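J.: So the protein lines, in turn, are chains A and B.
Quick note on full-length UniProt numbering: the first sequence kicks off at 1 and runs consecutively.
Quick note on full-length UniProt numbering: the second sequence kicks off at 1 and runs consecutively.
For the record, the hints were derived by calculation from the structure and aren't laboratory data.
Be aware that a few hints might be false.
For identical chains, the list gives no copy identity; a pair is met inside one copy or between any two copies.
[To be verified] Calculated lysine-lysine pairs in the DSS-like style (CA-CA distance at most 30 Å, straight line):
(1) K232 - K168
(2) K232 - K119
(3) K168 - K56
(4) K56 - K66
(5) K66 - K119
Keep in mind that this is a model prediction, so the values were computed, not measured.
2 protein chains.
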Amino acid sequence: MSSAAGPDPAEAPEERLFLSAAEAAALERELLEDYRFGRQQLVELCGHASAVAVTKVFPLPALSRKQRTVLVVCGPEQNGAVGLVCARHLRVFEYEPTIFYPTRSLDLLHRDLTTQCEKMDIPFLSYLPTEVQLINEAYGLVVDAVLGPGVEPGEVGGPCTRALATLKLLSIPLVSLDIPSGWDAETGGDAEDGLRPDVLVSLAAPKRCAGRFSGRHHFVAGRFVPDDVRRKFALRLPGYTGTDCVAAL
Amino acid sequence: MSSAAGPDPAEAPEERLFLSAAEAAALERELLEDYRFGRQQLVELCGHASAVAVTKVFPLPALSRKQRTVLVVCGPEQNGAVGLVCARHLRVFEYEPTIFYPTRSLDLLHRDLTTQCEKMDIPFLSYLPTEVQLINEAYGLVVDAVLGPGVEPGEVGGPCTRALATLKLLSIPLVSLDIPSGWDAETGGDAEDGLRPDVLVSLAAPKRCAGRFSGRHHFVAGRFVPDDVRRKFALRLPGYTGTDCVAAL
């Protein structure tokens, strides 16, 4: 029990549904450093669970051919890596993902995950049309894996910022991974002006800004978080059923 | 398409259910080298799917408290790493795994997977009782993750060899991961004299020896194998349903 940013047990925190940005970072550090989870392992678990969440809201048998097409927009940080894994699992689940990944990370994990998608014949867009009607017509839904907690839009370069501006204007369903990209992880920021996803998949545990999420479906994908860690952070989360890797909130 | 040991397309191989040991090694090499899957990623996918297979045959609601206890016996090679991941997911699915892992690998992946299990309070046995009745009484079932294809019992040391001798005498259900430990991956060897598992979970694709498996349930856990690789090795496997990671054969 090493993380300085974790809650002080002497304060006996009330059970809660949301973590602050500092607590979320401390939880991840605990998984990586104390539990010795690998990034590859966590990103795989989160990306798989994100794809499963998509299947829960948009089950394949209920979709037309066109509705099975999913645009996955990936940023250069960890959120984008989860998006790449999500796209691969969507392909395995027989959806038709297309990836837009404008600012590529040099990180080996990102490069390997990209290769997996490319070799599985998932198309990569070289640019995103600014005419939103083209996207509305070409895809059934969009997965937003652009920015995770603590990453500012300004940090990831023009193409990602422009993609976010385009995503705000879409009329097809939007699924955000972990937080709606561009939201302040604590406050949601000026959420009225930000992305307004229909589905939110909180990774590991919901961040505070998720309290302002007003879309239809909120899932948590954190079954891999050990009970002791959940207790340490006083997380009160819904139970998972059977072998499900996501739970609806 | 680089693997020299893969089938020659000019030979137009018939579709088949089983891979030779050389083909299985070539398939894994293709995933690791061409597709850039990581070992951590593959071991996680296989171990998770193995745990899901256990839940299919032994669903938790149908089990008494005692039947939920699972002894997972892990060898020092990759099969054992899959066993460690399987044990962790069984714990997450609310089974009560105990691990016997007598010959510990110094490999970093094995060490990290061991730490995850230890910190999740999964007990590790320091020795395996030779009195089989003690094991029959203490556990609901046993997972055999001792030896994978191409690993000879002689290579892994005395404790594993003795554990195999004990596993042969058990009367509780036995679930073998990939191949029944000690079987020749091609021929099954003298299968009458070897382990006789009730459940076999073939990882990636069934090995030839699985043709001699006569237990009740045979699963393949290979949904992560890309379609192109499946076609290259002319694998004819049952389809996976929904988001299932295993399919019954």
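J.: Evaluate each hint against the coordinates.
T.: How the hints compare with the structure:
1. Proximity of K232 and K168 under a CA criterion of 30 Å is satisfied in neither setting, with 37 Å inside one chain copy and 42 Å between copies.
2. Only between protomers do K232 and K119 lie at most 30 Å apart by alpha-carbon distance; the minimum there is 13 Å, versus 41 Å within a single protomer.
3. Taking identical chains as interchangeable, the C-alpha atoms of K168 and K56 lie at most 30 Å apart only when both belong to the same chain, with a minimum of 23 Å there against 42 Å between chains.
4. Taking the closest pair of Cα atoms, K56 and K66 come within 30 Å of each other only inside a single copy of the chain (18 Å); across copies the shortest separation is 33 Å, beyond that limit.
5. For the identical chains of this complex, K66 and K119 are intra-copy neighbours only, at 23 Å inside a copy versus 46 Å across copies, given an alpha-carbon limit of 30 Å.
Figure legend: structure checked against the earlier numbered hints; the only hint not met is number 1.
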